[in-house]
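Work out the full structure: start from the sequences and follow the hints.
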Amino acid sequence: MTSFQSTLGDDGGIAEELAENQRAISIAEFFEKNKHMLGFDSGARGLVTAVKEAVDNALDATEEAGIAPDIYVEIAEAGDYYRLVVEDNGPGITKEQIPRVFGKLLYGSRFHAREQSRGQQGIGISAAVLYSQLTSGKPAKTTSRTRGSADAQYFELVVDTDTNEPEIRSEQPTSWDRPHGTRIELEMEANMRARTQLHDYIKHTAVVNPHARVELREPGLDEPLKFERGTDRLPAETEEIRPHPHGVELGTLLKMLEATESYSVSGFLQSEFTRVGTKTATKVCDRFRDRHHGREMAWKTPEPGDDEGVEGEVVDAVANKSAEATDWFAARVAGTVRDRERLAHSDLVELVGNLADATEAEFDETFGDTVRGNAVDAAWAELTRADLLVRSLYERIDDATSTRKDDATKRGLAERLADKFAEADGHRHRVTRDGFTDYVDRSADRVAEATDAAFGDTARENVIETCWSVMRTVPDDLPKVSVIADDRDTASELLEAMRATDILAPPTDCLSPITADLVEAGLRKEFDADFYAAATRDAEVHGGDPFIVEAGIAYGGEMDSDGSVDVMRFANRVPLVYQRGACAITDVVKRIGWRNYGLDQPGGSGLPSGPAVVMVHVASTNVPFTSESKDAVANVPAIEDEVELAIREAARELKSYLNRRQSLEKRRRKQDVLGRILPEMADKLAAVTGHERPNIDGALGRIMNNVLVERTVEDGTVTLAVRNHSERKETLDVTDIVTAEPTAVHNGASVVDLDDEWFVQWSPSVSAGETATLTYEVSEEATFDIDVEGVENEKLTVDT
Amino acid sequence: MSSQDDRARQQLIDLAAEFYDQFDRGKVPEMTLPTRTKSNIEYDEESGVWVYGDRTSTRSANSVRGARKLLKATYTIEFLARQLEEGRSSTLRELYYLSESWDSDEAAFSDQDESNQLIEDLEIVSEVTREDFHMRPEESGATLMGPLELREQTRRGEREIHCQKDVGEGGYQIPNNPDSIDFLDHDIEFILCVETGGMRDRLVENGFDTDHNALIVHLKGQPARATRRITKRLHDELDAPVVVFTDGDPWSYRIYGSVAYGSIKSAHLSEYLATPEADFIGIQPEDIVEYDLPTDPLADSDVNALESELDDPRFMTDYWQEQIELQLDIGKKAEQQALASRGLDFVTDEYLPERLGEMGVI
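So the sequence lines, in the order shown, correspond to chains D and Z.
Here our numbering is used: the first residue of the first sequence is 275, the next is one more, and so on.
Here our numbering is used: the first residue of the second sequence is 149, the next is one more, and so on.
The set of hints was computed from the structure by calculation and includes no laboratory data.
Warning: the hint list may mix true and false statements.
Claimed, not checked - Restricting the straight-line Cα-Cα distance to at most 27 Å, the calculated cross-link-like pairs of lysine-lysine (DSSO-like) are:
id, chain 1, residue 1, chain 2, residue 2
1, D, Lys940, Z, Lys368
2, Z, Lys368, Z, Lys175
3, D, Lys864, D, Lys940
4, D, Lys307, D, Lys412
5, Z, Lys480, D, Lys940
6, D, Lys1069, D, Lys944
7, D, Lys529, D, Lys557
8, Z, Lys175, D, Lys1003
9, Z, Lys368, Z, Lys480
10, D, Lys574, D, Lys557
11, D, Lys412, D, Lys369
12, D, Lys1003, D, Lys929
13, Z, Lys480, Z, Lys186
14, Z, Lys480, D, Lys1069
15, D, Lys944, Z, Lys217
16, D, Lys1069, Z, Lys217
17, D, Lys944, D, Lys1003
18, D, Lys412, D, Lys557
19, D, Lys944, Z, Lys175
To be verified - Computed, partial: chain Z to chain D, Cβ under 7 Å:
id, residue
20, Ala164
21, Ala165
22, Phe167
23, Phe171
24, Asp172
25, Gly174
26, Asn210
27, Val212
28, Glu226
29, Ser238
30, Leu240
31, Ser249
32, Trp250
33, Glu254
34, Ala256
As the list claims (entries may be wrong) - Selected chain Z positions facing chain D (in silico; Cβ < 8 Å):
id, residue
35, Tyr223
36, Gly235
37, Arg236
38, Ser252
39, Gly479
40, Lys480
Model, not experiment: these values are computed from the prediction.
Quick reminder that beta carbons are idealized off the backbone N, C-alpha and C, glycines included.
Quick look at the structure:
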C-alpha cells in the first residue's frame, strides 16, 4: 500500500506549493468579487446604488457645513454605457483629500464617530468608483471647489485594486460656476430597469429631507424631476458622543483600553464612556471586583452559648507584647467580633487593623504587620470552625428553601458546602459567583446521591442567591488598565461588569430626527393626500446606541387606492428601496392590525390596502442593517417595538380622521336624503291643508344638529340669526359683504370698506341650542353676500 | 259625502295640519303612536279586552327612516282624503300599487306590509277606522250560515237576506263593512266560529246549523276584521254565546285569541272587534289525549310559538297555561279534521254536543 506521506514527500512538498499561491487579498479585490454585498450586483441595481451613495454623501457634506442642500443628479446614455453625474453645493473637498475620498475604500470621517449620519463605513462612493472602473474601464471624473478658492480642482481617478490606493490618471485646476461644491462623473455598465426604484429613492429622499432641493434628469424623463425645498430649517446639528458602556464589544473595549491615557479602571470608565460618573464607575468597579477577585463569605459570628475562644487564641497569637496591651487588644477584638452579626475575612483584617492602631496609641507599643497577621489568623481559625460554618450556611439554606425540604437534606447540603469553603485554596473563603455556583451544584449532587432527595434548579438558584447576597465585595485593588489591556479574560470580566450595571441611557443630541412636523411637511410636499399624520418617539437605546423612530402616514386624495399601501423606509434619512421583504419595518407594518385603524387589510394581516403611504424613519448612531448594502433594517426587538409604537401613534390619528370622515359622510348622505324628502313632504302638506309651503329650514337644521344662519331684512334693518342646533358650543366667523354702507352695527362687529363693498364681520360664540342675533342697518337698497367660517360645511345651513 | 266620511276626512286633514304647524314652528315633524308589541298590551277591565298600554314610540323626521315614513303618511293622507271626497274606495293592495305612481320616489311603499301598517298607524292617530277611510282588504270572503235574517246596504240598494233560506251551500258572504248590516230576525242558539273550510262544510252538510240553531261563521284562518266585527255585533246585539272551533296547534290558539281578546296589531280596535266572551271549544290538547286523535309532532316553530304564548298576556289564564304546558309535554298537534278518524259524523254527533254541553252552551 502506498503511504500518503511518501506520496506527498515525492511531490516535493505540497504545502510549499500551496504557499506559493497564498497571498494577501486587497480589500478592493475582495469587494470586486463581492459586489453584491455593497449593492452593485446588477447593472440596474448598480446605477441606483451609485446614485444613492453619491447623494447620501452630498447631503451629509452640505448639512455638516450648514448649507441647504441643492443636489443635481443626471443620468445619460453614453455609447454602451451610462454616465452618472452628481453635483452638490457642499463645502468641497481639499485637493489632498479628493483622491482618497473617491479612490480608497474604507476611507472616511464617519466610521469612528458615534453620531447619526448617512454614510458610515467610507465604502459607498469609492465602491461606486470601483464599480464604474470595473465595468466601463473609465476613471471617475471629480471636480471640487472649496469655499473661497478661485478655482476648482479636477481629477481623473481609479482605485488600484491591489493596494486599495487611489491612482490619479489626470489632475488639473479648472473653473466651475458653482462657488463651492463637489461633482462626480462616473461611466458604468448599467440599464434603467430599476427606474422605479431610482425615482422612489429620489422622491423619498425629498420626503425626508424637506430642506433639500433635488433635481433628477434621466433619459426616460421628458422633463427633469424637480423636488423643491419644503423648509429652510436644516436638521439639528448632531453631537458626537463617546460610546455607551452597554454598547461596546470585547474587541472594541480592548482597543480602548490600549489607547486610553487613564491609569485606573475608574478613570478609564469615566473618561472614555458616556453616562459614567464617579458613582457609576464605583458600581462598575465593585461588580468588576466580584468577577475578578470573587466575594468573601461573611460568616455568622459565634453566639453567646458557643464555646468560642477568640480572645484566648488572640492572646496566644500575640507574642512579645506587654500583657496589658495584649489583653486589652484581645478583649476588644473578641468584643467587636461579638458585636458583628456577620464577618468576612476582609472585615476581620480591617477590624484587627483598627484595634491594633488603637492599642498602639493606648500603650505606646508597636503592633506590627506580623502581630496583626497572627491575630487575624488566630481569630479567623476560631471563627471558621466547621460547626460554625455549617450553622451559618444551614441558616441561609433554610431561609431560601421551601419548608417541605427535609431537614437532613438541608443540613447535608450545608455540611458539604462548608467543606467546599474549607477545601478551597486560600483561607479567606473567597469565591466568584461562578465558583460558588459550582460549589452548590457539586454539593447538591452529592446530597441528592446520598439522601435520594432531589435538589432542583430553582432551589439551587435560591441558595446561591441568598448566600451571594450576604457575601462581601472585597476591598482589594483592581488591576491597572494596562494589565487588563493585555489580559483578554480580565477585560471580559470588566465588560461583564459594565453590562451588569444599570447605566443611564445615552444622550440623544447625537441624533437628528426629522421631527414630526417636518415629516408631515415632507409628506405634504410629495403626496397630494387628504390627511397627514406624523409621530416622533422619544429616544431609546439598543446595544448602547441611541435611536429614535418616527412614522408618518398620508391618506386619501390623489393617491392610488388600488392594492397595498406604499411603505417608505428610511434609516438616518436615507431611503431604503431594496429588500423590502427582509426589513424589520415592513414586518412591523404587516403585523399591525390595520382594520382597527380603518384601513382594509385582506386576511387581517399583511400590508394594508388603500390610498395611503406609511413612512418610517429610524435614526441611530448605528442602525443595525441586515447587510453591508444597507437595504433593510435588521429585526432588533427594541427597534421593532419603537417602530410599532410610532406607527400606531400616527395610525390613531388616521383612525380618528377616518371615523370623522365617515360620520361626516353619513351626515352628508342623511342631509341629501332629507333635503329631498322634507321639501316633498312640505309641498304635499301645503296641498292637503291649502296653505303655503311651510319653511322647513328650522326643522332641517334641528334634525341635522346644524348651525343655521338666516337673514331677514326689514325697513333697512338687517338681522342675521345664528341658530345653533348642535350639541356643543360653536364659534364661527360670519362675514356679510354689503354693497351699501352699513350703520348701527351691533354685537362687536368690525367693518372694513373695500372698493364700495363693506365687509361686516362678527365672531359670535353660540352655545348649544341658543341663537345669536346680529344686526345692522343699511340706508339704501343693497345686495348681500354672506360667508361663514368655523363650522364644517356639512354642519352649516345658510339661508340668506 | 256622508257626515261620517266628512269626519274621517277632516281628521286626516287635521293630522296633516299638525305636521304643517310643526314645520312652521321650526320643529321636527313627528307622530306618536302606542308601541305595538306583545309587551305593550294590557287588559282593560272595563271592556274586558286587550288594548295598548302606555308605552309609545315616535315616528320622527329626525332620521331618514322616520322622514320617509312621514312622507309616505303625508301622501297617503292626501290619497285617502281625495278618496273620501270622491266617495270611492280601494283595497289595501291597490294602495300599495298606487304608491308607485306618486310623484315622489321616496314616497312609494317598499312592500304591502308597510302600507298596511301605515293605514293602521293612521287609524290610531286619527281615531278613524280603516273601513271609514274606505279601505278594504283584498279578500273578505268569510261566510255565515244559520238562522239569521238581515238587511244589507249594497251598491244596488238594500237587500234583505235570510242566511239559510236565501243563500246557497256557500252561505252568506260577510261584506267589508259589517256596520252596514242590520239584523232583522233570528233563531240563533249560539254562534260557532270555525277555522277551516273543510270542517265548516262538514258541519253544514251534516245539518249542524239546522239541528242546533247554530250560526256557523267561517273564520278562514286568521279572521278578517269584518268577520271579527260581525261576530262581535252578533254577540252583543243578539245576545248569543260565541264559541270558537279550530285546529289544535299554537297558530289556531292565536286565531281564538284574536276573536276573543283582539290582535296585537289592531289592539286599538279591540273594543270594536273583540268578543271577550267567546269560548274555545277545541281542538284542545287534552282532546288529543282523550280521543286519541291522529297527530303530527310539534315542529320547532310550533314549540317556539307555544313558548311565546306562555308569556303572551292574553294567554295568562290557568286554562291556557295548563293546555299549552300539556301540549309542550305531549309534543303533538292535531287538525280539526282528525276527528274524522272516528267517522264522518263523530264531530256533529258526539264531539261538539259533548263539548258544548260541558261548556253549558247546549
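Hint by hint, here is what the structure shows:
no. : hint                 : result
1   : D/Lys940 - Z/Lys368  : violated (47 Å)
2   : Z/Lys368 - Z/Lys175  : violated (46 Å)
3   : D/Lys864 - D/Lys940  : violated (30 Å)
4   : D/Lys307 - D/Lys412  : holds (19 Å)
5   : Z/Lys480 - D/Lys940  : violated (51 Å)
6   : D/Lys1069 - D/Lys944 : holds (12 Å)
7   : D/Lys529 - D/Lys557  : holds (23 Å)
8   : Z/Lys175 - D/Lys1003 : holds (21 Å)
9   : Z/Lys368 - Z/Lys480  : holds (23 Å)
10  : D/Lys574 - D/Lys557  : holds (26 Å)
11  : D/Lys412 - D/Lys369  : holds (21 Å)
12  : D/Lys1003 - D/Lys929 : holds (25 Å)
13  : Z/Lys480 - Z/Lys186  : holds (25 Å)
14  : Z/Lys480 - D/Lys1069 : violated (61 Å)
15  : D/Lys944 - Z/Lys217  : holds (15 Å)
16  : D/Lys1069 - Z/Lys217 : holds (24 Å)
17  : D/Lys944 - D/Lys1003 : holds (22 Å)
18  : D/Lys412 - D/Lys557  : violated (59 Å)
19  : D/Lys944 - Z/Lys175  : holds (18 Å)
20  : Ala164               : holds (4 Å)
21  : Ala165               : holds (5 Å)
22  : Phe167               : holds (5 Å)
23  : Phe171               : holds (4 Å)
24  : Asp172               : holds (4 Å)
25  : Gly174               : holds (3 Å)
26  : Asn210               : holds (5 Å)
27  : Val212               : holds (5 Å)
28  : Glu226               : holds (5 Å)
29  : Ser238               : violated (18 Å)
30  : Leu240               : violated (21 Å)
31  : Ser249               : violated (14 Å)
32  : Trp250               : violated (9 Å)
33  : Glu254               : holds (5 Å)
34  : Ala256               : violated (12 Å)
35  : Tyr223               : holds (6 Å)
36  : Gly235               : violated (18 Å)
37  : Arg236               : violated (18 Å)
38  : Ser252               : holds (5 Å)
39  : Gly479               : violated (45 Å)
40  : Lys480               : violated (49 Å)
Taken one by one, the earlier hints fail for this structure at numbers 1, 2, 3, 5, 14, 18, 29, 30, 31, 32, 34, 36, 37, 39 and 40, listed in ascending order.
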